[in-house]
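S.K.: Okay, here's what each chain looks like letter by letter:
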Amino acid sequence: MTDDDTGAATRPPSRREFLRASGAMAGGAVAGGLAGRAAAAEPAAPDAANLPPNVPEWMKAPGEPMGNEPYGTPSVYEKGVVRNISKTLKQYISASGRTPLQDLDGIITPNGLFYERHHGGVPTIDPAQHRLMVHGLVERPLIFTMEDIRRFPSQSRIHFIECSGNPVYTRPYGKTASDLVGLVSCAEWTGVPLKTVLAEAGLEDGARWVVAEGADAAALTRSVPIEKCLDDAMLVYSQNGERLRPQQGYPLRLLLPGFEGNMNVKWLRRLKVTTEPAYSREETSKYTDLMPDGTAREFTFHMEAKSIITRPSGGQKLTVRGFHEITGIAWSGHGKIARVEVSVDGGHDWQTAELQEPVLTRALTRFRLPWHWNGEPAMIQSRAVDETGYVQPTLQELLAVRGSNHFYHNNAIWPWRIDAAGEVTNGQA
Amino acid sequence: MARRDTRAIGLAALLVLAASAARAGEGYGIGRPATAAEIAGWNIDIDRAGDNLPPGRGSVDRGRVVFAEHCASCHGAKGEGALGDQLVGGQGTLATAKPVRTVGSFWPYATTLFDYIRRAMPQNAPQSLSNDDVYAVAAFILNLNGLLPADAVLDAHALPAVRMPNRDSFVGDPRPDVR
Numbered sequence: 016m017t018d019d020d021t022g023a024a025t026r027p028p029s030r031r032e033f034l035r036a037s038g039a040m041a042g043g044a045v046a047g048g049l050a051g052r053a054a055a056a057e058p059a060a061p062d063a064a065n066l067p068p069n070v071p072e073w074m075k076a077p078g079e080p081m082g083n084e085p086y087g088t089p090s091v092y093e094k095g096v097v098r099n100i101s102k103t104l105k106q107y108i109s110a111s112g113r114t115p116l117q118d119l120d121g122i123i124t125p126n127g128l129f130y131e132r133h134h135g136g137v138p139t140i141d142p143a144q145h146r147l148m149v150h151g152l153v154e155r156p157l158i159f160t161m162e163d164i165r166r167f168p169s170q171s172r173i174h175f176i177e178c179s180g181n182p183v184y185t186r187p188y189g190k191t192a193s194d195l196v197g198l199v200s201c202a203e204w205t206g207v208p209l210k211t212v213l214a215e216a217g218l219e220d221g222a223r224w225v226v227a228e229g230a231d232a233a234a235l236t237r238s239v240p241i242e243k244c245l246d247d248a249m250l251v252y253s254q255n256g257e258r259l260r261p262q263q264g265y266p267l268r269l270l271l272p273g274f275e276g277n278m279n280v281k282w283l284r285r286l287k288v289t290t291e292p293a294y295s296r297e298e299t300s301k302y303t304d305l306m307p308d309g310t311a312r313e314f315t316f317h318m319e320a321k322s323i324i325t326r327p328s329g330g331q332k333l334t335v336r337g338f339h340e341i342t343g344i345a346w347s348g349h350g351k352i353a354r355v356e357v358s359v360d361g362g363h364d365w366q367t368a369e370l371q372e373p374v375l376t377r378a379l380t381r382f383r384l385p386w387h388w389n390g391e392p393a394m395i396q397s398r399a400v401d402e403t404g405y406v407q408p409t410l411q412e413l414l415a416v417r418g419s420n421h422f423y424h425n426n427a428i429w430p431w432r433i434d435a436a437g438e439v440t441n442g443q444a
Numbered sequence: 524m525a526r527r528d529t530r531a532i533g534l535a536a537l538l539v540l541a542a543s544a545a546r547a548g549e550g551y552g553i554g555r556p557a558t559a560a561e562i563a564g565w566n567i568d569i570d571r572a573g574d575n576l577p578p579g580r581g582s583v584d585r586g587r588v589v590f591a592e593h594c595a596s597c598h599g600a601k602g603e604g605a606l607g608d609q610l611v612g613g614q615g616t617l618a619t620a621k622p623v624r625t626v627g628s629f630w631p632y633a634t635t636l637f638d639y640i641r642r643a644m645p646q647n648a649p650q651s652l653s654n655d656d657v658y659a660v661a662a663f664i665l666n667l668n669g670l671l672p673a674d675a676v677l678d679a680h681a682l683p684a685v686r687m688p689n690r691d692s693f694v695g696d697p698r699p700d701v702r
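Residue numbers (my numbering), protein chains in the order written: chain A, 16 to 444; chain B, 524 to 702.
Hints were generated in silico from the structure; no laboratory data involved.
None of the values given here were measured: they were computed from a predicted structure.
Take the hints with a grain of salt, since some may be wrong.
[What the hints assert, rightly or not] Within a straight-line C-alpha distance of at most 30 Å, the following computed DSS-like cross-link-like pairs (lysine-lysine) qualify:
id, chain 1, residue 1, chain 2, residue 2
1, B, Lys601, A, Lys332
2, A, Lys190, A, Lys351
3, A, Lys105, B, Lys601
[What the hints assert, rightly or not] What the simulated footprint calls covered on chain B by chain A, stretch by stretch (three residues with Cβ under 8 Å from a Cβ of chain A suffice, anywhere in the stretch; the number is not a length):
id, stretch
4, 639-653
5, 686-696
[As the list claims (entries may be wrong)] Where chain B lies over chain A, by a calculated footprint (3+ residues, C-beta under 8 Å):
id, stretch
6, 105-117
7, 181-190
8, 275-289
9, 294-305
10, 315-324
11, 402-412
Just so you know, even glycine gets a beta-carbon here, dropped at the ideal spot from N, CA and C.
Given the sequences, and given the hints that come with them, work out the whole structure.
M.R.: In structure tokens:
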């Protein structure tokens, strides 16, 4: 599945190294006072010969030679940090895999861990044979090669992309932060502003929508309002400094900061300027939001403000009393995060968390709150407020308005319950 | 309200800018013209009015054969759903605790059925059916949903005329809707 992040030249670890790796991973996490899922198994005792006052064995012989791994991969001790992929899906051609949010720091998602959602599998596209066609209500219909696209003035910006079904409104609710809201990731994207490319073709009167189509087996099609196309939309070819990963649309993807993930069309091959939306299957049958009265909202583009505590979070365990940093991520499709509040008492009192700079528009924002756990049961949760003043709602508030058939755009506050043994579980379960 | 107005003015200004930059030839001179034939080969979008529907026709009877051969393995013999979505039934369920969204109960436009089947189905061989067979299998699915008689034939005129029962149940985005 994740054939993108395995260096071909990597030497597989020996069985001994591997056993040592699992032991050290568990041991290290417990020593930090917070155990992950991997550590739930019996932690192997560290080898005393490698601990003070002894000199560890890896200092007594040279390590791997330079160049052993032309494309670097994480330490063998981080093998457990991979995308969260359900093993029980009916099929894997139109399916999604999640970012392991609870195992990551900062705001940038490593490319190999960026969430995936495809509707016709991941195509293998030769960039030399890829073309972007711009047509419809334009003065000059144009065809671009990838070299052409890269000749335009470029721009790099950091933005999140989030699937609109992250999570759905119905039980069972996920066990971990990744199970719940792992269909969000954030990267630095490089490409050309869409308005630059549209100006090259010249918009005609009546241009109100741009219909974008992917070069995958779903020929996935979404309609984008022209306002967005002439605002911050981009055509991107790079992600965190390197070319897009195939799972993210190599060689070209539409980026619509703050809009639901499905609209950020991957493997982009065609932009048709129109007066009306396409009413494609992905904007009628799917990605519309059913209300309790049987009506459905259509063209619900924005991802509203949201946050989640990633540490401590579901599946982890506090192994010691005393100091624990509470940390997580917040984001809004409407702009910058203005404030994140954290409650450690089930939602009675809320404290303002510290926001890590940079706080960027339509990007993940990292928050932190120092906390002392006294060993008693606790309920912790975070609440994001964005620069428009919008406050992240509770699940109950959302359900009261939208009902549980709504499916998409669930941005509820999500509490974690910590029991006296330090086990962290889903507070809504 | 005031904010809406500013945004509308902003859009108008942007459109003028984009158009004038292009007219004045201030572009970068990047890319080459797309020919009508190239556009025709790639432009497979069918909008809700049915514009761009290709020539050809297909009957419910022919659609039954196409469906059995190319679709039933994933969608069930009668479109009841399996590995692929349920395509039939669900009318009257949208406002209940267990809504069943199908072509018949939920889709607003029959034209989308042609567009989607042609571009994406069968999932294991998209864009492999002839236009006649896409019309035919769309007719069969609509017939299974009680929206076309058994002797119906679909073409570029007949398909957009099929009125989907849920067509008027879609509303705009009223968010923020909480608080």
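S.K.: For this structure, which hints from the list above don't hold up?
M.R.: 1, 7
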